[in-house]
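**Student:** Following the hints, position chain B against chain A.
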Amino acid sequence: MSQIRFPRPLAFVFSGGLARSAAQIGMCEVALELGIKPEIVVGSSTGAINAAVFAKDPENFGPAARDLWGGVAQDKALTSIWRSTLRGLAGGGSTRTQTMLRKHLHRVFLDMHQSELAINFVAVATDLSSGHSAAIENSNVVDSLITSAAFPIIMAPMPDGKDLLIDGSVVAGVPVSQALAAGAKSIIVFDTGASEVNDDDVESLGWYEVLALAFTHLIRGQADHDLALASTSVPVVVISQATGNPFSLRRAVDAIPEGRRLAAEVLLDLAPRHGKDFRVISKPGLYGNYALGPD
Amino acid sequence: MATQLHVPKPIAAAGMRPRGPVQLQSLLPRPVTFVMAGGGAHGCVQWGLLQALAETDITPDALIGTSAGSLTCAIVGEDPLSALSRLSYVWSQLDLDVLVGDSWMSILSSATKRRRSLADNTTERETLESILVARAFEELQLPAAAVATDLATGKATAFDSGDLVTALLASSAIPGMLPPVTINGRYYIDGLASANLPARLAVERGAGTVIVLDTGSREPVPVATSPTKVVARVNGILNARQRSAALAFASTHVPTIVLPTPQNLGAALNFRGTMSAASASYELARTFLADLAAQHERPTGATAPLLETALYARRLPYEHDPDLREHLCPVESGARP
Chain A
1 MSQIRFPRPL
11 AFVFSGGLAR
21 SAAQIGMCEV
31 ALELGIKPEI
41 VVGSSTGAIN
51 AAVFAKDPEN
61 FGPAARDLWG
71 GVAQDKALTS
81 IWRSTLRGLA
91 GGGSTRTQTM
101 LRKHLHRVFL
111 DMHQSELAIN
121 FVAVATDLSS
131 GHSAAIENSN
141 VVDSLITSAA
151 FPIIMAPMPD
161 GKDLLIDGSV
171 VAGVPVSQAL
181 AAGAKSIIVF
191 DTGASEVNDD
201 DVESLGWYEV
211 LALAFTHLIR
221 GQADHDLALA
231 STSVPVVVIS
241 QATGNPFSLR
251 RAVDAIPEGR
261 RLAAEVLLDL
271 APRHGKDFRV
281 ISKPGLYGNY
291 ALGPD
Chain B
1001 MATQLHVPKP
1011 IAAAGMRPRG
1021 PVQLQSLLPR
1031 PVTFVMAGGG
1041 AHGCVQWGLL
1051 QALAETDITP
1061 DALIGTSAGS
1071 LTCAIVGEDP
1081 LSALSRLSYV
1091 WSQLDLDVLV
1101 GDSWMSILSS
1111 ATKRRRSLAD
1121 NTTERETLES
1131 ILVARAFEEL
1141 QLPAAAVATD
1151 LATGKATAFD
1161 SGDLVTALLA
1171 SSAIPGMLPP
1181 VTINGRYYID
1191 GLASANLPAR
1201 LAVERGAGTV
1211 IVLDTGSREP
1221 VPVATSPTKV
1231 VARVNGILNA
1241 RQRSAALAFA
1251 STHVPTIVLP
1261 TPQNLGAALN
1271 FRGTMSAASA
1281 SYELARTFLA
1291 DLAAQHERPT
1301 GATAPLLETA
1311 LYARRLPYEH
1321 DPDLREHLCP
1331 VESGARP
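From first to last, the protein sequence lines are chains A and B.
Position 29 of the first sequence, counted from 1, bears residue number 29 in the numbering used here, the numbering being contiguous throughout.
Add 1000 to a position in the second sequence, counting from 1, and you land on the number used in the numbering used here.
Excised from the complex, chain A in its bound form (with noise of 0.2 Å):
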């Protein structure tokens, strides 16, 4: 049992952040130790990606995703985000991405379904009709996967009946309603979707990039809205790295140690005080290193 205990069911939360979801290796492999385990994980783009990991097999999370990313860091066609999005520009290139994505993610989990992890898994994904997040709990993991990670232009939007559906982290990069929406009663994010960057970095940046960073930061406004409104409702743990470039895969896994002390430094300070066995995370609020806006 736990010394930092939270009422069940407890999700684990993945955001988007594209490379510097990789960190989320590090955060996760931090809440294990302490011996904190989810009923529940979710997850939101690249987010979905190590959620699905983890929900496959917890106990061998940490190599698992090291061994996913470090293959997907050394794959030339999917590591050049620019040329990934010209060839989605150029139209039918988008496929070719999809492809390459699928193949490393098929060298893990094969043909699974949702229903055999070993873990309760979510992926999240935007409706392109209604503009809303949907949920997908009943699907191949892979499809599910892919759907999740359908980054506009980057990826082709994957059809879903007679919806589209594209990247989750456009309208849910912190999916925590949809950990509610689940059943959660105690929620841990690991957030790696912030779109700031320093202040020396906006120095050099070329047209097409501060349009991306605009995109990310129109993204990004909905997370205080989304992080507010969980934590009124139950205790909502976030785990915020906002260091390291998203748009740098093939260094992603450089962000494992900075996930690993932010994780150590967030989860440290929930833990039991004056003697105490275990301490109880039951009061609904925000805790952690996430800063919300002004109220």
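Any given hint could turn out to be false.
Capping the alpha-carbon separation at 20 Å, the derived lysine to any residue pairs in SDA-like fashion look like this [claimed, not checked]:
{"id": "1", "chain 1": "A", "residue 1": "Lys56", "chain 2": "A", "residue 2": "Lys103"}
{"id": "2", "chain 1": "B", "residue 1": "Lys1155", "chain 2": "A", "residue 2": "Asp224"}
{"id": "3", "chain 1": "B", "residue 1": "Lys1155", "chain 2": "A", "residue 2": "Ala228"}
Simulated from the structure, these hints should not be mistaken for lab results.
**Tutor:** Coordinates of chain B only, in the frame set by chain A:
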């Protein structure tokens, strides 16, 4: 064959209200803030909405705007009395070439180069300096603020003092197309990335009533798989969600009045058709305001209570925020007390 002119009829003739201005001001907790959203060429909608507001007794105590809305703010703030006439001249002349100068061919030829934006803002600055006499916020007759996005942090920032034109350039620096603008050593881009409808900022800055002058929208983009259609659709979704969250925040704190706007406009950078968009907005808004007044009318001599904290609109302006529905106080068409 004679051409049929479309001229809005006097509203009193339609029995909508007695002669004289629509009485609403006494219902509004002060300070009354006009919130002007961004929207490129759709900014002309605000000109129509302001015409409708001019037929009421409402006067703003403060102004806040984003992008195209920040220009409307500056023009109204500079001289509320002449604003309508001046806006008509501005919108009859504004076009892409007075904003970006260069021809589109030269802009596209620079697309492959690593530069901060496709066009520069020299022409836009000249245009703004020719429209406005005031050079600083302090010279305006009404307190006004222009909202831009901090490029590094993504946070919405309201500028309300110092250099007016530079703040307007920052507020309308369309990412990718126009260059980020440096103010106090930081880079800023168009407020659309953080607060295209700055109702939340208006409340944070002390508004007692928020009157929203939005910019209307295009026909919804059909759902399709092509990259450009997906991006247009995603852009529409994100814009609606951002506006919806801002309105949900404002309408939990103060009475928030959302004037109706046309939903069938052309492209946001198409400056033709601004006149008909403004006229359509004028007609929508004046009947709305007459209906809002009628809904709160009291017998002669009785004082009507102040509007309660809620969202006053024809219908739910955006569907995305579940909170928004709870706050909606619908203003029915042709309402009578």
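**Student:** Against the structure, test the hints numbered earlier, and report the numbers of the ones violated in rising order.
**Tutor:** none
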